[in-house]
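There are 2 protein chains.
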Amino acid sequence: MSEVRTLKVALLGCGNVGAQVARILLDDADALAARSGARLELSGIAVRNLDSERDVELPRELFTTDADTLVKDADLVIELMGGIEPARSLILTAMQNGACVVTGNKALLAQDGPTLYEEADKAGVQLSYEAAVAGAIPILRPIRDSLSGDRITRVLGIVNGTTNFILDQMDSTGAQFADALAEAQRLGYAEADPTADVEGYDAAAKAAILASLSFHTRFALEDVYCEGITKVSAADIAAAKEAGFVIKLLAIAEKINNAKDGGGEGVSVRVHPTLLPREHPLAAVRGAFNAVFIEAENAGELMFYGQGAGGTPTASAVLGDLVSAARRVVLGGPGRTETTTGYVPALSINASTTSYYIGLDVADQAGVLARITHIFAEHGVSIEIMRQTIHRDAASRVESAELKIVTHRASEAALAATVEAIKGLDVINSVTSVLRVEGV
Amino acid sequence: MSEVRTLKVALLGCGNVGAQVARILLDDADALAARSGARLELSGIAVRNLDSERDVELPRELFTTDADTLVKDADLVIELMGGIEPARSLILTAMQNGACVVTGNKALLAQDGPTLYEEADKAGVQLSYEAAVAGAIPILRPIRDSLSGDRITRVLGIVNGTTNFILDQMDSTGAQFADALAEAQRLGYAEADPTADVEGYDAAAKAAILASLSFHTRFALEDVYCEGITKVSAADIAAAKEAGFVIKLLAIAEKINNAKDGGGEGVSVRVHPTLLPREHPLAAVRGAFNAVFIEAENAGELMFYGQGAGGTPTASAVLGDLVSAARRVVLGGPGRTETTTGYVPALSINASTTSYYIGLDVADQAGVLARITHIFAEHGVSIEIMRQTIHRDAASRVESAELKIVTHRASEAALAATVEAIKGLDVINSVTSVLRVEGV
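So the sequences go chain by chain: A and B. The first sequence: position 417 = 1008 (this note's numbering), numbered continuously. The second sequence: position 161 = 752 (this note's numbering), numbered continuously.
Simulated from the structure, these hints should not be mistaken for lab results. Idealized CB from N, CA, C, for every residue including glycine. Hints should not be assumed to be uniformly reliable.
Here are some chain B residues the structure puts well away from chain A; computed CB gaps all over 10 Å [claimed, not checked]: (1) LEU617; (2) GLU648; (3) TYR708; (4) GLU790; (5) GLY971.
With a cut-off of at most 20 Å between alpha-carbon atoms, the simulated DMTMM-like pairs for lysine to aspartate or glutamate come out as follows [said to hold, decoys possible]: (6) LYS995/B <-> ASP952/B; (7) LYS846/A <-> ASP621/B; (8) LYS846/B <-> ASP621/A; (9) LYS599/B <-> ASP621/B; (10) LYS822/A <-> ASP770/A; (11) LYS846/A <-> ASP619/B; (12) LYS846/B <-> GLU886/A; (13) LYS995/B <-> GLU1011/B; (14) LYS599/A <-> ASP664/A; (15) LYS599/A <-> ASP621/A; (16) LYS822/A <-> GLU774/A; (17) LYS846/A <-> GLU886/A.
Across the chosen pairs, the derived CB separations fall in these ranges [stated by the list, open to error]: (18) GLU782/A <-> LEU778/B: 48 to 54 Å; (19) ARG869/A <-> GLU782/B: 33 to 39 Å; (20) ARG645/A <-> THR1023/B: 55 to 61 Å.
Taking the hints into account, I'd like the entire structure generated from these sequences.
Written out as structure tokens, the structure is:
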């Protein structure tokens, strides 16, 4: 038998995921060597504070605060520090030194991906980041490789477990957002500062990555329209439920051709609370699970489902990338990280079209429906379903009237103008919900 | 810009899938070139009969009956003829000539995979076969690459759309097997000779491929225990439904450690009708769709869902493999098709353990339950749930009594012995169902 080569693996960061990656590298060394064709030797773990508590007991001598030296001496570098700097500089140094890099840093990729991809191409090394989107679910490799002979037309993803858990709680218990968030924090599903999750920023970074791979074009964070779940009320959830929908925070990337309306062709990348029919495969994705639903011209509908977060599941994705990179090093040949040959423009949210659910609190007067439908027609927004519910008091006097409208696909711009005009009607007490709908 | 290389692509076979592959190669040439880094030129289509009707209009001059010459002049060969010969010889010739091969030939892979893998390794070419299992669903590449740093413990797959459609029909309409099969034939979901599907042979070939990749060990068709759906009755389906289960034909590969019972460690690979709880993610896979559910030590539960058959969806998988192979050729470096480093033995069906559902038609006599439970205990099979239903006539006389039992996990051998012993009891009129259960 030929001598087995050893590849030095530098680990940057030892949080939730990093600690599990280190554990598996040490515990499963033989299996990983058999699959890689090389022994993967954990040469060190760079941390900010040597004395921090870790989730896993790891040999003290592996730890260092000198990330720079560790990186320069490694064949493979795993970056799990998060944040922009020093992660960005360390990754660039690693690649310039000929090391393949595995990262789970979605914020960095969404903000400064192109710099990293270009450096990887120039250095002929592999840059992989399966862990950056949807935790343990193999989704980036299938999009990049398995679907490379197809044309993806739309991606819908539940890619943030925290918000999915909160919406799920609201749906099953009727809780308000604040209470469901508190419950998520108590159970450890939401952080003390939940902003990145509940405002949709985490999902937006993942949407940019999914869109870039799916449409062979570089999309950055600023191309993503982002709306979180903080304004979703218990009343919205109840109304959706009654109408046969569930509300999910979706990361959406879809090809849109507005040519017939005088607009251009492009990709709309967006994150917002979305109504989905309860029978849609994504509607059944509960709690902290993630799933990505893909529509492609030839493949049709595909769905990928699994755990979207957690140290051990995410470590699985990191190690898959690491073994693949190691194989590549052993077998020779450069890595290839992306193909940006599509050059489709990112469209503003105003150019995207979707169906809408609109809830209105209206005066019960003759002619109200006619006035409202007239405004929809004026703005070119077609109504699919309209339902009026009259609430009466004990003496059968009308207390209030609710109007629920689901539109056909319309542009954001047309819808916004419609809602603005309706708000100006004297017969409208309030617009109670405006929610986007997918999957119908 | 550097000159773009052209790679010659030979297509063998022009059926349902082949015709779509040819169409996409011709229609999407520019996009495929951009993603591959080389122009993929369809150099010819080998068919048995030049005058056969095709699903798609294709240039007449591409067709040839001389597969051998076509293959010898190709950089990339797509084999979609099916069957063992001449497919096997043509693939070997192609690889010996340095061509990468893409095939969807599950029967050949399950029967003679090792010969093909060895030849690919020797020739340093890539052999890919994503289309062989679960049509359009990217499943083999995620198992091989994305999960290469994890340990898969179990794979449960709905990998045959014909049988899933039939079982789904039986479940939703109460039809008997024969009627549901006739309906599937009428709609084109089942062939005139449905043997390969309904007897489970097609699923068994796929199970062998899934097990080989998941457990890094070569499993052949003869390692797979195979039981089709022809004996599943409307009564079985109804009983399952009443108990909260759905019956699916599953391809199962799971790691089993019988060491504590004096047995060995190994992998059980099997195909059989299986009860699944209705809330299991696989239970919702309807009609002709496929899905593969994977359990891995670190990743936890994953599911991959999509269209399992059909010309266009399957062509998507073929083209994904083709583009990946072309990239490899352009970038240089050998392909790698499998890692058989696990060397775990295939276990006989008798060594596998699962839960069972057993339906009994019993005499309504005092002491019957005691005698039956005694037999289970004697054979070391533990009962999880037992429910007796007494049917009475108009005069309240007992007409019959039904006993439904769900066991804890037990070995096939112990279960078979238990059922044999129960059949011998004079208080048993008949054993109405014995069905395996997963996902509880």
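Right, here's what the structure says about each hint:
1. LEU617: holds (13 Å)
2. GLU648: Holds, because the least Cβ-Cβ distance between GLU648/B and chain A comes to about 18 Å, which exceeds 10 Å.
3. TYR708: holds (15 Å)
4. GLU790: Holds, since 28 Å exceeds 10 Å.
5. GLY971: At about 33 Å from chain A, GLY971/B clears the 10 Å cut-off, so the statement holds.
6. LYS995/B <-> ASP952/B: holds (9 Å)
7. LYS846/A <-> ASP621/B: The hint holds at about 18 Å.
8. LYS846/B <-> ASP621/A: holds (18 Å)
9. LYS599/B <-> ASP621/B: holds (15 Å)
10. LYS822/A <-> ASP770/A: Given pair LYS822/A, ASP770/A holds - Cα atoms ~13 Å apart, limit 20 Å.
11. LYS846/A <-> ASP619/B: holds (17 Å)
12. LYS846/B <-> GLU886/A: Judged against 20 Å, a Cα distance of about 34 Å means the pair is violated.
13. LYS995/B <-> GLU1011/B: holds (17 Å)
14. LYS599/A <-> ASP664/A: The given pair, whose Cα atoms are some 8 Å apart, holds under the 20 Å limit.
15. LYS599/A <-> ASP621/A: holds (15 Å)
16. LYS822/A <-> GLU774/A: holds (17 Å)
17. LYS846/A <-> GLU886/A: OK: LYS846/A and GLU886/A at ~11 Å, within 20 Å.
18. GLU782/A <-> LEU778/B: 48 to 54 Å: Hint holds: Cβ distance 51 Å, inside 48 to 54 Å.
19. ARG869/A <-> GLU782/B: 33 to 39 Å: 35 Å Cβ-Cβ, so the 33 to 39 Å window holds.
20. ARG645/A <-> THR1023/B: 55 to 61 Å: At roughly 56 Å between Cβ atoms, THR1023/B and ARG645/A fall inside 55 to 61 Å, so the hint holds.
Consistency with the previously given hints fails for number 12 only.
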